[in-house]
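Colleague: Residue numbers (UniProt numbering), protein chains in the order written: chain A, 1 to 152; chain B, 1 to 177.
These are calculated hints, taken from the structure and not from any lab test.
Accuracy of the hints is not assured; some may be wrong.
[Claimed, not checked] So, partial list: chain B residues that the calculated Cβ filter (under 8 angstroms) puts toward chain A:
#	residue
1	31
2	32
3	34
4	101
5	103
6	106
7	126
8	131
9	132
10	134
11	136
Quick reminder that beta carbons are idealized off the backbone N, C-alpha and C, glycines included.
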Amino acid sequence: MRTLIACLALLLAPVALAAPSPDEVYADAAMERRARALYTQLRCVVCQSQSIDESNASLAEDMRIVVRERLAAGDSDAEILAYMQARYGDYVLMLPPLQANTLALWGLPFFLLFVGGGLIIVYVRRQARGMDAALTPEEEAELAELMDEEGQ
Amino acid sequence: MGRWLAFTPLLVFAVMAIYFGMGLREDPGAIPSQLIDEPLPAFDLPPVAGAEAGLSNSDLAGHVSLVNVFGSWCPPCAIEHPMLMQIARSQIVPIYGVDWRDTPEAGAAWLERHGNPYTAVGLDPESHLAIDLGITGAPESFLVDASGRVRYRHVGIITQQDWDETLLPLIRELEAS
Numbered sequence: 001m002r003t004l005i006a007c008l009a010l011l012l013a014p015v016a017l018a019a020p021s022p023d024e025v026y027a028d029a030a031m032e033r034r035a036r037a038l039y040t041q042l043r044c045v046v047c048q049s050q051s052i053d054e055s056n057a058s059l060a061e062d063m064r065i066v067v068r069e070r071l072a073a074g075d076s077d078a079e080i081l082a083y084m085q086a087r088y089g090d091y092v093l094m095l096p097p098l099q100a101n102t103l104a105l106w107g108l109p110f111f112l113l114f115v116g117g118g119l120i121i122v123y124v125r126r127q128a129r130g131m132d133a134a135l136t137p138e139e140e141a142e143l144a145e146l147m148d149e150e151g152q
Numbered sequence: 001m002g003r004w005l006a007f008t009p010l011l012v013f014a015v016m017a018i019y020f021g022m023g024l025r026e027d028p029g030a031i032p033s034q035l036i037d038e039p040l041p042a043f044d045l046p047p048v049a050g051a052e053a054g055l056s057n058s059d060l061a062g063h064v065s066l067v068n069v070f071g072s073w074c075p076p077c078a079i080e081h082p083m084l085m086q087i088a089r090s091q092i093v094p095i096y097g098v099d100w101r102d103t104p105e106a107g108a109a110w111l112e113r114h115g116n117p118y119t120a121v122g123l124d125p126e127s128h129l130a131i132d133l134g135i136t137g138a139p140e141s142f143l144v145d146a147s148g149r150v151r152y153r154h155v156g157i158i159t160q161q162d163w164d165e166t167l168l169p170l171i172r173e174l175e176a177s
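For reference, chain A alone in the conformation it holds in the complex (with noise of 0.2 angstroms):
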């Protein structure tokens, strides 16, 4: 038992050492918490896909050192955020808001939902309705022969 929680203690080990960025860390557990999670949503502008939570580079330092300067002036976080933005534009926020020139971005989804799911309730009644359709004097004529055919 003693040896198993000595091994789930390892395996966690290298998470816990990673978590905490090259900056300082607030004592104040709540602070701390708020901290990180604006760091998720600024992007890195100096390395693109990343976070400045996840970016080693050292633009994105001095930026997590700017959010905690705002955060300890009492800044609140759509305040920080806002004030990213002021500076590097609609860009460094993870999340793209939802303005005029993002309305295709966040709308296209829920109108192809919309137009496919329309398209398949047209054509799954389309379907339905054909197979409650009495057969035309043809059909009932090759059924016919096809019932003929196996018969023998």
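Dock chain B against chain A, hints included.
Modeller: Leaving out everything else, chain B in the frame of chain A:
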């Protein structure tokens, strides 16, 4: 109707191919500046080692200026440097340097070694001004008009062509207005 419907996927594919094809031609690293026609953020930077004054907004007041962000750690800045020296010699526009993420000693040593094209230099060791300017890398330069508004941002090295075709005409235009 049925035959027309069969071509829909092809049509959708064609539209997407054109759209993404256009996207491929764009540079994903180019982040548009938020500062164009906005006032330059307020700053008051300390000097490099051995210099008396640093750099603040008041240095730029009343004339067109070129603000250049560089660092002694930045190889492309060394490539750009002769162009800045040439601009400084021409006395067309004063250049103000922002020594980014540097120590006072390293910044001073760099200017000693390569020559100093800057009317004034300020140190920005913790990226405060760099983040206010929306900097993504060095070198990066801004044309600031007499009223302190940013009018143009140049990302990367200023080449002779950039100077002749973009910066110089813009400076002339800003000085005339």
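Colleague: Each of the hints needs a verdict: does it hold here or not?
Modeller: Comparing the hints with the structure gives:
| no. | hint | in the structure |
| --- | --- | --- |
| 1 | 31 | 5 angstroms, holds |
| 2 | 32 | 6 angstroms, holds |
| 3 | 34 | 5 angstroms, holds |
| 4 | 101 | 6 angstroms, holds |
| 5 | 103 | 14 angstroms, violated |
| 6 | 106 | 14 angstroms, violated |
| 7 | 126 | 6 angstroms, holds |
| 8 | 131 | 6 angstroms, holds |
| 9 | 132 | 6 angstroms, holds |
| 10 | 134 | 5 angstroms, holds |
| 11 | 136 | 5 angstroms, holds |
When held up to the earlier numbered hints, the structure conflicts with 5 and 6 and fits the remainder.
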